[in-house]
Structure formats: C-alpha cells, structure tokens
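Sequences are here, hints too, so could you generate the full structure?
Chains as they are written, first to last, in the working numbering: chain A, 1 to 114; chain B, 115 to 227.
This list has only true hints and no planted wrong ones.
Quick look at which bits of chain A chain B covers, simulated, 3 or more residues with Cβ under 8 Å:
(1) 39-49
(2) 105-111
Here are the in silico distance ranges between beta carbons for each label pair:
(3) B:Gly-129 with A:Gln-17: 47 to 53 Å
(4) A:Arg-110 with B:Lys-170: 32 to 38 Å
(5) B:Val-133 with A:Asp-38: 21 to 27 Å
Quick caveat, the hints were computed from the structure, so don't treat them as lab data. The model shown is predicted, which means the values in this text are computed figures rather than measured ones. Even for Gly, the Cβ is constructed at its ideal location relative to N, Cα and C.
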Amino acid sequence: NAGVTQTPKFQVLKTGQSMTLQCAQDMNHEYMSWYRQDPGMGLRLIHYSVGAGITDQGEVPNGYNVSRSTTEDFPLRLLSAAPSQTSVYFCASRPLQSGNQPQHFGDGTRLSIL
Amino acid sequence: GEDVEQSLFLSVREGDSSVINCTYTDSSSTYLYWYKQEPGAGLQLLTYIFSNMDMKQDQRLTVLLNKKDKHLSLRIADTQTGDSAIYFCAERGRNNAGNMLTFGGGTRLMVKP
Chain A
1 NAGVTQTPKF QVLKTGQSMT LQCAQDMNHE YMSWYRQDPG MGLRLIHYSV
51 GAGITDQGEV PNGYNVSRST TEDFPLRLLS AAPSQTSVYF CASRPLQSGN
101 QPQHFGDGTR LSIL
Chain B
115 GEDVEQSLFL SVREGDSSVI NCTYTDSSST YLYWYKQEPG AGLQLLTYIF
165 SNMDMKQDQR LTVLLNKKDK HLSLRIADTQ TGDSAIYFCA ERGRNNAGNM
215 LTFGGGTRLM VKP
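Here it is in structure tokens:
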C-alpha cells in the first residue's frame, strides 16, 4: 500500500529557481491538499483540490501554483523560490465523503531556499 | 480565520500520564483530531472525536472534549519513551477552506526514562 507518495524528500534551491514538488496517491481520493510546516506554527494550508480539474486557495497560497489534471496527482509549483519558502511541505488526501475520514499524509519534502 | 492553540512543550517521566491540551475557536467544528509526528516523518493519525461526544478512549489514549469552552485534551497513560514526538491537534469545521483541517502549532512531548 503506497498511500501518499511525495518526491523529492529533500531539495536545496537558490533564490529565484523554480521547482515542482510531486504528490501522488493511489487510494482514489477526491480531496488532495498541500500544507507547509514551520516551527511553532503547525501546518498551514497552501492549496487544495476537491477533484480533478478543481483547485482552490488555502491560508497561504502566495508564491505557489497547483494543478489537478488527474485524480492521482497534485503537484505544487514554486515559480520563483524565495528564502521565506524554506519549510517542510506535506501533501495529504482523503475521500470525498463527509464524516470522520481522516487525511492521509505523505512523509514530507524538506525544502531549503538559499 | 479560525485558530487552534497548543502549548509548545511538555516533559514527563516514563510511566507517568501525559496530558496535552488544545483550544480552538471554530464553533462549527465537527471533528477534532490528534496527530503524532516522529522526527523526520509525516503525520500519523492517533485518534479523533466527533463534536457531539465528550470523551473517547482508545487503549492508552483518552480524548476529552469540552465543547462549551472549545477545549480538547489528549491523555496518554503510562507514557513510554516511544511516545516522544510532536502532537498536533486539528479541527475540521464548516468555516474551514474546502472543509480541510486547521492545525495547532504542535506540542513537543519529551519522555524522560
């Protein structure tokens, strides 16, 4: 059972570089989301998607783009990396049904911007 | 937006009980969750409680919910060194974007042998 797979696990970028963080899930979940984790601030929602072709902004969307062309994949793009985007990024998914369905998290991508 | 608050740090001795507290502001919260994060890993769901319950017990874990005060706690009985981790409280409410979770800042639990 792969669950939610994030790649890469680690990345170092220079300011101004672009990069795509990959996220894939094999559970046929409609909901997918990206969070960033910063010390003492918990996880903050960047973007989310409720199904293929549908995306929306979360709490901290600036500097990030997303797309959802398939149910399985939800890549996160940094068009011009900034040091403030140094963080640990988590992708999560869950089924569409309401109720107690928890989010399943990937293992994270640790991103450093120099 | 809605807010979830936790204390940053808790230290206990092995064998003692740990109590991690969380407060939230969203009065429309439907489910509240506790996640555990070990070093270098993702978030693992520990337990959850529906907002119309006031207590849930699952082996060594007891969740207490005071909906009036918007206060959630996680009690870990007989705390072990393997329980050392960061614990996140999260809530899902109708005010959350896309019905996603709002997380607290996490409580780092340190268990001393």
